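*Asks:* So you can see what is in the structure, the chains are spelled out below.
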Amino acid sequence: MRITPFDDKETERATYPDVRLAAPLGLPELRKIEQILHLYHSKWDTQVRDVNVLFEQPLVLPLREWQKLCNIAEQLAAETIALESIILGERSGALSSLGVPAGAREVLGSDTQSRSVVNVRRTRNMRFDFHPIKSGWCVSEVNSDVPGGWSESTFFPLLYKPYYNDLDCPPLPLQAWGDAVQALAPSGKVILMSAPGYLEDEQVVRTFVTELQRRRIPNRMIKTPAALHWSDHHGCTLSTGERVSVIVRFYQIEWLLALPERTGWRALLQTSALPVINPTISVLSESKRFPLAFYESRNCPTWKSHMPECRDPREVDQADWDHWVLKACYSNTGDRTYLCGSLTKKEKQRVIREAQRNPLMWIAQKRFETRPVRSCRGLLYPCVGVFVVNGRAAGAYVRLSVGQVTDGSAFEAPLLIDSRSLK
Amino acid sequence: MTKDQIYEIWRPATSPWSRWVKPVLFSFLREEDLKLARRSVPEWRVPGAPDIAIIVDLPGADGVTVGVALAREGYRPVPVYNACPFATYLPDTSLMVFAAEAQQLPGPVVVNVLPIMAALCETVQELQDAKLDASASPAFLLDSNRRGQILVPDPGSFDNRSFITPTDFPSPDLFRQHGIYQIVLVQTESKIQIDLLQVLLTLQRGGMMMARQAPREPWAPTPITVRRPPIVVDAWEWLRRKLGFRRNAFGSFGEIVPPSTG
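Sequences listed follow chains A and B, in order. Per our numbering, the first sequence starts with residue 1, numbered consecutively. Per our numbering, the second sequence starts with residue 424, numbered consecutively.
Which residues of chain B face chain A? A few of them, derived with a C-beta cut under 10 Å, are:
| hint | residue |
| --- | --- |
| 1 | Asp427 |
| 2 | Ala436 |
| 3 | Ser441 |
| 4 | Trp443 |
| 5 | Val444 |
| 6 | Pro446 |
| 7 | Val447 |
| 8 | Phe449 |
| 9 | Ala510 |
| 10 | Met519 |
| 11 | Thr590 |
| 12 | Leu597 |
Treat the hints as calculated values from the structure; they're not laboratory data. Being a predicted model, the structure only gives us computed values, none of them experimental. Here a beta-carbon is modelled for each residue, glycine too, at the ideal position from N, C-alpha and C.
Full structure from sequences and hints, please.
*Replies:* Structure (structure tokens):
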């Protein structure tokens with residue numbers, strides 16, 4: 001299972017990506033933007049101790065660099081979808097090795113779900129996290145099931161753009177999402193489902209609703225799969241008899257699996273009768289162990305050339321752990337990502353022990369060196385999360401860290417594009 | 424008054440302490456919430472002291488009214504309420520409703536923050552009238568009910584219990600840069616809640632002096648030394664934070680308690 005497709009240190013010629021930061025905004029302008037984010041876009045965590053994490057300098061990519069990044073992201077998305085189909089064909093053994101939860105394995109193992117694979121090709125959203133390194137761009141992971149950051153990557157560029165006349169907004173993910181749903185030409189209602197009480201998910205769904213309303217697409221928010229009625233004759237309907245044409249699942253699969261069977265979650269996860277945005281199959285590539293699958297495949301050249309080496313935790317040499325990052329299989333917010341070389345001896349032993357005890361729940365990824373950018377606050381390390389909506393790159397979510405790891409204390413900034421060189 | 428205006432009064436550009444105002448409750452204010460009557464705020468004579476910062480740890484709306492009483496005396500109230508109300512949207516509308524108004528929500532709320540939201544609106548005019556100086560010392564406002572009264576909320580209830588950490592406050596260095604060397608804790612209870620205790624310990628380790636004062640009593644803060652709790656209490660608190668609180672993706676608190684998987 002071990003392959004070494006990527007080693008930045010061995011690259012002879014440096015081909016650093018062209019990345020820079022724009023001039024900083026003044027405090028009043030930044031404050032105005034911050035207030036809009038606080039009050040109208042549920043962005044509340046902008047202050048951590050003495051530091052405001054909303055960054056005053058947008059990240060700028062020349063158009064050529066942005067196009068290059070978009071191409072890579074689109075190729076990664078295509079390879080991901082192709083590999084998911086192959087994995088699904090291999091059934092339960094491959095699913096187990098990815099750490100997919102038992103309930104999801106059962107659903108994905110059914111014939112119905114296999115048939116639905118063709119359907120989901122048109123309705124996928126992913127976010128690939130890129131880092132500039134010596135040899136170009138490196139991708140650290142894909143967020144493919146219920147990816148977040150829609151609001152930041154849509155509204156940050158829009159709110160900063162008026163202060164930068166010579167720069168352009170990249171495509172906006174929310175716009176691309178709306179186009180994708182509209183293209184499905186729904187003749188019935190678009191149903192958006194999020195878990196009750198998870199307000200942050202509901203706020204994302206509200207953002208989607210606003211986009212649908214802007215396009216005059218009928219929609220309805222629901223809180224449980226029990227609100228959906230399934231029949232061979234009428235497809236999917238609501239209790240009012242209204243026909244459902246598209247379902248947007250913004251509800252983690254693990255939580256759905258924990259609901260009682262009578263809520264009908266199984267019918268939702270297995271359906272091939274209508275498009276589900278965030279289809280069940282996305283749980284495969286959401287697993288941080290997904291890279292182990294593409295190493296075994298003869299395809300996936302873009303993944304192999306842009307992702308640092310990954311290994312099962314059992315395959316890392318004991319003396320070499322300081323060069324590896326341990327990630328939990330389904331960690332959503334980076335909360336269970338450990339840079340082994342930066343842990344205390346005791347912490348490192350604990351985390352490694354846990355990973356080796358439950359190896360299918362963890363992945364080890366080789367450390368890489370992100371190239372920093374100069375900012376008004378010193379050197380910062382960028383992470384550019386590029387959205388791909390239905391195969392096309394659509395904007396990005398930018399974080400700037402003071403160290404190599406992108407964590408909760410990273411600054412957040414918009415991405416703006418410098419198109420001047422090509423005009 | 425609009426939501427933006429209310430927020431700007433509580434979080435003015437001129438105050439260096441505005442950055443620590445938590446926006447959560449303000450973002451949930453609706454048009455109908457902004458038309459409430461003016462609340463009367465009992466007087467409390469407190470001498471102004473530029474070298475003092477105050478932390479008010481009182482239940483619900485009481486913290487807001489004491490904060491506004493302190494504003495009359497020249498202190499800048501800084502709301503640090505970080506729990507969400509239990510809110511949802513009505514079907515096919517953009518109308519947000521709270522748990523108390525909506526039958527469709529599945530369970531009760533562990534910490535009721537709606538009275539705090541009402542108090543923030545009803546005292547805003549009084550705060551504006553105080554015409555505070557940019558150099559006003561801060562009075563951080565906390566809800567002493569934030570940790571809830573129950574250890575394990577029922578499945579289906581909205582668990583918005585919260586805790587504070589040192590990152591929710593300025594560092595000792597920043598306090599000193601503004602000439603502040605003492606923290607006065609205003610609370611009714613004699614025992615300091617464990618999360619606040621850890622904040623005070625951090626500030627004390629950073630060289631800040633500590634004192635305690637009962638609310639609405641004649642101003643005579645008693646100097647105190649905050650002591651580290653026994654290791655068992657520390658360990659219990661660590662465990663509770665890991666397992667017992669539901670911090671959502673926005674850094675605030677509040678999520679539904681899921682059904683038991685057992």
